[in-house]
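Participant: Chain by chain, the residues run as shown.
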Amino acid sequence: MEIQEKKNIYVGVQTTQTRDIRDFMMEINSYKNILVFAEVGDDKVCENSLELLGEANRLKTMRNNDSWVIAAMVGNDVKKYAPTLFGYGADKVVAFDSPQLENYRSDLYGAALAGIINAYHPEIVLIGATALGSELAPTVAAKLRTGLAAHCTALKILENGQFTQVVPAFGGKVLGDIYIPNHRPQIASIKAGITKKLDFVQKDGVVEDFSCELKGFDRMKVVKVEKVHETCKSLTEADCIVVGGFGIGSKEEWTKLEDLASLLNGANGCTRPVLDAGWVSNEKAMIGTSGIAVRPKAYLGIGVSGAAHHTCGIKDSGLIISINKDENAPIFACSDYKVVADYKKIVPALIEELKSRK
Amino acid sequence: MNIAVCVKPVPDSKYYDQIKIDPVTKTWDRSGIPTVISDLDKHALEAAISIKEKHGGKVAVFTMAPPTMKDTIMQALGMGADEAYLISDRAFAGSDTLATSNILAAAIRKAGNFDLVITGNESDDGSTAQVSAQLGEWLEMPHVMNVTKIDCDGSSIFVTAKQDNGSIDYEIGLPAVVGVTRKVNKPRFVSIMGLMKAKQKPFNVFTANDIEPDPNFVGLKGSPTQPGGIASPEMGRKSEKIDGTPEEIAKRIVDELYKAGIK
Ligand SMILES: Cc1cc2nc3c(=O)[nH]c(=O)nc-3n(C[C@H](O)[C@H](O)[C@H](O)COP(=O)(O)OP(=O)(O)OC[C@H]3O[C@@H](n4cnc5c(N)ncnc54)[C@H](O)[C@@H]3O)c2cc1C
Ligand SMILES: Cc1cc2nc3c(=O)[nH]c(=O)nc-3n(C[C@H](O)[C@H](O)[C@H](O)COP(=O)(O)OP(=O)(O)OC[C@H]3O[C@@H](n4cnc5c(N)ncnc54)[C@H](O)[C@@H]3O)c2cc1C
Chain A
1 MEIQEKKNIY
11 VGVQTTQTRD
21 IRDFMMEINS
31 YKNILVFAEV
41 GDDKVCENSL
51 ELLGEANRLK
61 TMRNNDSWVI
71 AAMVGNDVKK
81 YAPTLFGYGA
91 DKVVAFDSPQ
101 LENYRSDLYG
111 AALAGIINAY
121 HPEIVLIGAT
131 ALGSELAPTV
141 AAKLRTGLAA
151 HCTALKILEN
161 GQFTQVVPAF
171 GGKVLGDIYI
181 PNHRPQIASI
191 KAGITKKLDF
201 VQKDGVVEDF
211 SCELKGFDRM
221 KVVKVEKVHE
231 TCKSLTEADC
241 IVVGGFGIGS
251 KEEWTKLEDL
261 ASLLNGANGC
271 TRPVLDAGWV
281 SNEKAMIGTS
291 GIAVRPKAYL
301 GIGVSGAAHH
311 TCGIKDSGLI
321 ISINKDENAP
331 IFACSDYKVV
341 ADYKKIVPAL
351 IEELKSRK
Chain B
359 MNIAVCVKPV
369 PDSKYYDQIK
379 IDPVTKTWDR
389 SGIPTVISDL
399 DKHALEAAIS
409 IKEKHGGKVA
419 VFTMAPPTMK
429 DTIMQALGMG
439 ADEAYLISDR
449 AFAGSDTLAT
459 SNILAAAIRK
469 AGNFDLVITG
479 NESDDGSTAQ
489 VSAQLGEWLE
499 MPHVMNVTKI
509 DCDGSSIFVT
519 AKQDNGSIDY
529 EIGLPAVVGV
539 TRKVNKPRFV
549 SIMGLMKAKQ
559 KPFNVFTAND
569 IEPDPNFVGL
579 KGSPTQPGGI
589 ASPEMGRKSE
599 KIDGTPEEIA
609 KRIVDELYKA
619 GIK
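Respectively, the protein sequence lines represent chains A and B.
Read left to right, the first sequence gives residues 1 to 358 (our numbering).
Read left to right, the second sequence gives residues 359 to 621 (our numbering).
Derived by calculation from the structure, the hints in this document are not laboratory data.
Be careful, since some hints might not be right.
As the list claims (entries may be wrong) - Capping the alpha-carbon separation at 25 Å, the derived lysine to any residue pairs in SDA-like fashion look like this:
| id | chain 1 | residue 1 | chain 2 | residue 2 |
| --- | --- | --- | --- | --- |
| 1 | A | K284 | A | R272 |
| 2 | B | K412 | B | E529 |
| 3 | B | K609 | A | S305 |
| 4 | B | K372 | B | K579 |
| 5 | A | K227 | B | K541 |
| 6 | A | K80 | B | G524 |
| 7 | A | K32 | A | D20 |
| 8 | A | K297 | B | E606 |
| 9 | B | K559 | B | M432 |
| 10 | B | K599 | A | I351 |
| 11 | B | K384 | B | G452 |
| 12 | A | K215 | B | T565 |
| 13 | A | K344 | B | F516 |
| 14 | B | K541 | B | P591 |
| 15 | A | K315 | B | T506 |
| 16 | A | K156 | B | M593 |
| 17 | B | K609 | A | K224 |
| 18 | A | K315 | B | P591 |
| 19 | B | K609 | A | D199 |
| 20 | B | K621 | A | K79 |
| 21 | B | K544 | A | A277 |
| 22 | A | K196 | B | M593 |
| 23 | A | K325 | B | K609 |
| 24 | A | K224 | B | D509 |
| 25 | B | K579 | A | K227 |
| 26 | B | K384 | A | T164 |
| 27 | A | K358 | B | I620 |
| 28 | B | K378 | B | G452 |
| 29 | A | K79 | A | K203 |
| 30 | A | K215 | B | S513 |
| 31 | A | K60 | B | Q584 |
| 32 | B | K428 | B | K412 |
| 33 | A | K32 | A | N182 |
| 34 | B | K507 | A | E102 |
| 35 | A | K227 | B | T539 |
| 36 | A | K224 | B | T539 |
| 37 | A | K297 | A | V340 |
| 38 | A | K221 | B | I620 |
| 39 | B | K609 | A | G318 |
Okay, chain A solo, but in the shape it has when bound:
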């Protein structure tokens, strides 16, 4: 990396100083280690955060293991989750426990995570693009006046050591490389299902308590928290996903896909029009840019046209088979096997075939 002129580097919250180039490099190099924001939801650590610990370990090897993987937790009584984080790859856990952090608020959580980052100076910060994380990440990036790459589909470290983030645009039709050369930390948000968690290994580590002043807005209040408990199998855990598109045609027909999924011990996924039509009510069943990314052993797509908005969320699947009556459906180009037919003829036959093999 060559830097010819004086640069500004912004350390901490809103302190701006002009320094000369050697100071600048020293400042940049003083940022080390990889920090993962470990989000707690439904009384456990989010899968997404565990996946990011796996990814952080992969990056750590690319940094010749000369880095720590730090997991940062923010909440009320969250320190108890530290063993899970160690087991999935954290070297150190930093926990900010406070009754003020009982419920998520962008101002307080933003202040808390920015505080941790200011104290630990990580070079890279990974945040899951959950609903909470997608808001927390830009909040913290703005507080620290640093760069954030959104919904990364891949992270790389180039031969020259440059950290590179690959981000989607135009509904996944275009992928762009993003660099954050002159600001630290380099923050990335990543959706569930993109990176892989490690196998759990019982292991100990250092837990550090952290606290700082939480400057928030008195005029912001949480008035109600509603939790919905999952009743169906999560798509990220299913080996086989039977995905229906708008071509299914009606809610009545949709039940056949549910039968099919259960015969395959799998789960049902859908496209956005299906969710909009109300054939499926579980929002987490939607796959694609506005939904989740999946990587099952097998994806069976039925009546799905294959818009980039959807296919960018399935490309890491093992096997992809699709059924569509339109020979030119774009989904076929990204399928291992294609069936050009009316699904109403194929699905009943599939159900019979599976029953006969049970």
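The hints should help you fit chain B with the ligands onto chain A, whose structure is shown.
Facilitator: Using the frame of chain A, we list chain B with the ligands on its own:
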């Protein structure tokens, strides 16, 4: 109630499958794709206009874009916004979300006192979903994204924000910034009458000299994130056709699924 709505003109998302990357120049080709208001920004406009209808005041549209995007902004005025601010300068080109939100915040500050700022949760094209919260940070206002419901009593807003495992309701004393999702409302259509009236509404243009953003975070040079190469995602697979009677096809599909480890 004075409400600012951030509206981004984008290439119509219906046509994104037509976007091609030029292998030589490594830029994308969006030629022939019409420009429209980013989908969620219509929901932001609807939310603002209906709050104004209840509590009075005005709705101002803020757009950072090249001057050629005027027609799209007229659509927003046609929907019922009262005035527009087009923020346009070569110096703003290449702004990442931190710079974009810095510039939008400076324009909103310059234009007057706003009680509420509404944005889309994410745009159709860049879709980073970062500008809304960052705008809140630059304006030093409380901010909420993923909003599925918004009510206002004139001095506070009451919003429901979707979470992965449920939702959180907030009460926030104004001023505040919110980012809305498609759930929040159904945007009204733009009528011919509305478009006629739009021509009489104030249309302001801000250049770099008119506003005072933090000068360290403007344009490509002031953007912490720097773009590198672009590519199309590798998605191609062998696309082998399975033929036969429905029974034969079903048998083959099940064989392949079992081979892939499905039981
Ligand atoms: C391929 C590619 C990848 C990119 N990746 C990143 C990245 O990872 N990180 C990054 O910081 N930047 C990135 N950018 C730059 C980013 O797209 C721009 O900063 C853009 O100006 C705003 O981002 P957005 O469209 O994603 O906004 P979002 O945050 O998705 O938009 C949310 C809302 O903010 C408002 N808004 C956004 N832009 C405007 C505007 N110009 N005028 C008025 N209102 C607006 C609208 O209400 C909109 O609904 C990328 C750009 C490209 C082309
Ligand atoms: C900002 C934005 C974000 C989006 N995010 C997402 C997202 O996250 N996920 C997502 O899925 N979409 C998303 N979309 C929508 C996306 O662009 C497409 O519109 C959508 O994926 C199409 O869904 P579909 O394939 O089910 O429906 P359609 O495109 O309507 O396709 C239906 C298909 O069914 C076939 N068919 C019909 N009848 C039969 C039959 N009897 N037998 C066999 N085949 C049949 C048809 O040939 C057709 O190919 C988004 C759009 C926008 C603008």
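Participant: Each of the hints needs a verdict: does it hold here or not?
Facilitator: How the hints compare with the structure:
1. A:K284 x A:R272: Holds, at roughly 11 Å.
2. B:K412 x B:E529: holds, 18 Å
3. B:K609 x A:S305: Holds - the C-alpha atoms of A:S305 and B:K609 are around 24 Å apart, at most 25 Å.
4. B:K372 x B:K579: Violated. B:K372 to B:K579 sits at ~32 Å, over the 25 Å cutoff.
5. A:K227 x B:K541: holds, 18 Å
6. A:K80 x B:G524: Between A:K80 and B:G524 the Cα gap is close to 23 Å, so the pair holds against 25 Å.
7. A:K32 x A:D20: holds, 21 Å
8. A:K297 x B:E606: Holds, at about 23 Å.
9. B:K559 x B:M432: With a Cα-Cα distance of about 9 Å, the restraint between B:K559 and B:M432 holds, given a limit of 25 Å.
10. B:K599 x A:I351: holds, 20 Å
11. B:K384 x B:G452: Cα-Cα ~16 Å, so holds.
12. A:K215 x B:T565: violated, 34 Å
13. A:K344 x B:F516: At roughly 46 Å apart (the allowed maximum being 25 Å), B:F516 and A:K344 break the hint.
14. B:K541 x B:P591: Answer violated: B:K541 to B:P591 is near 30 Å, above 25 Å.
15. A:K315 x B:T506: violated, 30 Å
16. A:K156 x B:M593: Cα-Cα ~19 Å, so holds.
17. B:K609 x A:K224: violated, 51 Å
18. A:K315 x B:P591: Roughly 9 Å between the alpha carbons, so the hint for A:K315 and B:P591 holds.
19. B:K609 x A:D199: violated, 35 Å
20. B:K621 x A:K79: violated, 39 Å
21. B:K544 x A:A277: OK: B:K544 and A:A277 at ~15 Å, within 25 Å.
22. A:K196 x B:M593: holds, 20 Å
23. A:K325 x B:K609: Roughly 19 Å separates the two Cα atoms, so the pair holds.
24. A:K224 x B:D509: holds, 15 Å
25. B:K579 x A:K227: Measuring from Cα to Cα gives roughly 43 Å; hence the hint is violated.
26. B:K384 x A:T164: holds, 18 Å
27. A:K358 x B:I620: Between A:K358 and B:I620 the Cα gap is close to 13 Å, so the pair holds against 25 Å.
28. B:K378 x B:G452: Status holds; Cα separation ~20 Å.
29. A:K79 x A:K203: holds, 16 Å
30. A:K215 x B:S513: The given pair, whose Cα atoms are some 22 Å apart, holds under the 25 Å limit.
31. A:K60 x B:Q584: Measuring from Cα to Cα gives roughly 23 Å; hence the hint holds.
32. B:K428 x B:K412: Since the Cα atoms of B:K428 and B:K412 sit roughly 28 Å apart, the hinted pair is violated (cutoff 25 Å).
33. A:K32 x A:N182: holds, 14 Å
34. B:K507 x A:E102: Judged against 25 Å, a Cα distance of about 23 Å means the pair holds.
35. A:K227 x B:T539: Judged against 25 Å, a Cα distance of about 19 Å means the pair holds.
36. A:K224 x B:T539: holds, 19 Å
37. A:K297 x A:V340: Between A:K297 and A:V340 the Cα gap is close to 22 Å, so the pair holds against 25 Å.
38. A:K221 x B:I620: Violated - the C-alpha atoms of B:I620 and A:K221 are around 48 Å apart, more than 25 Å.
39. B:K609 x A:G318: holds, 19 Å
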